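Chains as they are written, first to last, in our numbering: chain P, 1 to 329; chain Z, 1001 to 1294; chain W, 2001 to 2340.
Think of the hints as simulated: they come from the structure by calculation, not from any bench. Treat the numbers as computed from the prediction; the structure is a model and nothing was measured. Glycine included, each C-beta is placed from N, C-alpha and C at the ideal position. Among the hints, a few may not be true.
What the hints assert, rightly or not - Here's a subset of chain W near chain P, in silico, CB distances under 7 angstroms, partners left out: (1) Gln2046; (2) Ala2129; (3) Leu2158; (4) Thr2192; (5) Gln2244; (6) Phe2246.
Said to hold, decoys possible - Which chain W residues stay away from chain P? Per the calculated CB distances, all over 12 angstroms, these: (7) Ala2013; (8) Leu2188; (9) Arg2264; (10) Thr2314.
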Amino acid sequence: MTVVAELRRLSVRLGSGATAVAALGHIDLQAVAGEILAVVGESGAGKTTLARSLLRLVQPSSGQVLLEGSDITTWPERRLRKLRARMTMVFRDPTAVLNPRMTVRALLEEPFRLHAHHTAADRRAADRRAAAEELAARVRLQPGELDLRPGALAASRLQLVCVARAIATQPRLLVLDEPTSDLDAAAAADLLALLAELRAGGDIAIVLTCNDLAAARPVADRVAVLYLGEIVEEGLAAEVTADPLHPYTQALMSAHLAADPARRGRRIRLRGDAPTPEERTAGCGFAPRCPIAEGRCRSGAPTLNAVGATRSVACVRVLEGTSRIPLSR
Amino acid sequence: MRTHRFAQLRLLRGVTRRSMAAGIGLAILLGFAAAMVVQPVLLPHGAATGDVAILAGPSLRHPFGTDANGHDVLARVLHGIRYAFAVPLAAVLLAIAVGVPAGMAAGLVGGRTDRVLQRLFQGVMTVPPLLLAPALVAGMGPSVLHAVIALAALEAVVFARIMGAEVHALRRIGFVEGNVAMGVSLPRLVAVHLLPNTMAGLAGAIPRRVAWALATFALIGFLGLGPAAGATEWGTMIRQAMEPMLADRWWLGVFPAAALVMVGFALNLLAAGLTDLRAARVGQAGAVLPGAAG
Amino acid sequence: MLLDVQDLHAERATRDTEGRERVARVLNGASFRLVKGRVLALVGEQQSGKSLTASAILGLLQPPAQVVRGRALFEGQDLLRMSDTDLARLRGARIGLVVQSARNTLDPTMRIGTQLTRAQGVHRHAPRAEAAWRAETIMSSMGIPDARGCAQAWPDDLSPGMVQRVVIALALINEPQLLIADEPTAGLDITTQLQILDLLHVELRRRRIGGLIITRDLGVAAQYCDDVAVMYAGQVVEQGPVAQVFARPAHPFTRTLLAATPERLSLGQQPVAEGASTGARAQGFSGPPPDLFALPQGCLYRDRCHQAEARCDTPPPLVGSGVHAARCHFAGTSAPQRAA
């Protein structure tokens, strides 16, 4: 099991001065080669901050960020730039990161141009062109789309361009921040299938953030559930989705709308909206919305404890085996 | 010379098709440019012509009349076009050379430095520039060069602010971060990704800034802080026309003033028309980033 | 029959970069029926014409888009042939509309309570006290905890979930017979989405009115709707009761959409078999979206369909039993399921 990237006791505060908020608190996370890790959470959970932290696009306030064994926590950008071929990211909104004045072809050639020393593709323009075309074929972009500019393509096609750019340099770490949230179901399925193909290669560690746990199940190997900047449950995807232990994880699984009318059942219904970091209360962050919260939940914050060989949960009731929520109609 | 003029005409027709306002503005400016080129040949100014009439009113022979030295006012006004074009353009170009990098740097650095700089820019801009510019020139000593410097300094602040806002918008949507994550170096980020996508916003501001520079330069000349007294700069000419003894020789001041108004008007028309031109181009190569200014 | 949309066609004219005029065929025969007391889901991809259908029906299409053919019968009257004033009287009163990006419908300079009372005043004579009371009542029934406090609040103060509730309240406050909700939960967290959909469901059932929910999410259709109409390239390609369409999808596009859902998608650990050429690899679920400026002859889905044949260049007939029908040459035959 090769650990490609790691976060150790990572905390991130965003903003400055009086308005700073704790976006992430004491995160321990490992991205393993040949594995897809899904980090699941709703708005305000810190998924995007976590994704950016893996790529050192944010400065952590404490803890460490490691890539292939090196501690890159305090590296300045110019030093990090040499690593950018090895760790890449796909953002949620493809229309926001692609230069609208460049053709798709130029956009696909760009990673080869930037990292010529790193990839097999030569500095020669013809080789770059061939490499870009090969990349386009790999993500199933059509040849006719190569000479268009982003304004002429739909979001799902643009997201393929972004994924292509991210895998051009054969990175060891690929991070995707809610890559399918704004895509149609069919395009999302294709993107997930592409990730599965990449995983099969064995060298790359993939970290994917999303807001629907059940939607990640087809492609994820491991899952980490995030709430208000902390991991509340972590384990193998198949196990966590089949038997969620943390009340929030249970609520997430229950909130997924299955595309199967035969499965209309009982659900866990939470009250209120997902909180923002500013609204965090003392004790367990989830307590205000938790259907089975008790007094002790508000006084002490729970720690992430191992439950069995492959699971960790941060809930006092889990250790007692009383964390399963009764479903309501 | 012929091909030159045809090229200009073709440009004019292309622009007018997309925006009437821009077309008219551009036509007027091209007209002035042509006049400036043609004047030394057709209406040399300053040459003694023998039959010299002093302070004569407008007539067929001297459509704009003559001044106290017997010089044809039309010739002087046309000669003055070079000031009207050269000085504001030079000031704006210099301002862009200084202000755009400053604004870009402030926008990219972000954080407190950027906030401080933005406050600074705002502060400078609240002082009425029509007071500040002449004051600066007076401080440096009256001359055309100092006028250019003073104007450039004030205009640079405006461009820095515009640039800062554009870079901010791009940062906010994640465009900068996306490219940094790709490993784009700072020079490439600026040259390939930021400048081309912010130029539209800048270019749109240029005609108005040139118009402002022209008006302020005329004011500087009018206050006697510009070129030397006999120069054909329009502001200076108006100042001379204001001498009590020349009060009823209206043609001495009105024609330079009219020229000023015409050029300013043309520039503003061009500015208004540019937004139309840009609207016509959205959806093509020059598509705009979502949420980004410009 | 509350709403009967028949063969709706719409076009949008644009000028391309060389100044030539081009026409996009944005709706190409959208037809569906909505019965009072039932909820119909209109599903499809982005740009498939779902929202446009709603705009077209309500007379909200802006030039250069326009309806070129079709009827939209609401309570027997053709909405497409009504005058603007009559339509304006219907909208907000007998037909309630919840649009996408709901926050934009709220006036940021007006308090919530005022907006709710104004919405009433437009359509009926409502004395202030009564209107205010109605506003508060409906906000409570929307699950807004402090209705009085919320009435005094500004739109910017509200969380996305609260905004959505207010917008739904605005749509329902004049007791419409039909509620059209366009992507009512787009952008919301899934736990909030559940609350909002529960709310919609309860209100629609309680008031016994008809509902049209436009969504990209098949899960919403499966869990909250009675009937579903699937759109592709501006055309309804399959319609029927949810249970039937999900169990026995007749159109290849519906089958593809279903196969792409997490419940059916299987992307295990096994490596993908490398074919000798790209043709041997699985074709994928999606493809480039249909070019509305140059739609194919015959079946509009043929460029993306795995089963397309020669006969697909003639327009496919509507095949099926009364309630469940699909527009496909192969519907009704047992076509092989696409390998995932």
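Exercise. Which earlier hints turn out false for this structure, listed by number in ascending order?
Worked result: Of the numbered hints given earlier, those the structure breaks are 2, 3, 5, 8 and 9, listed in rising order.
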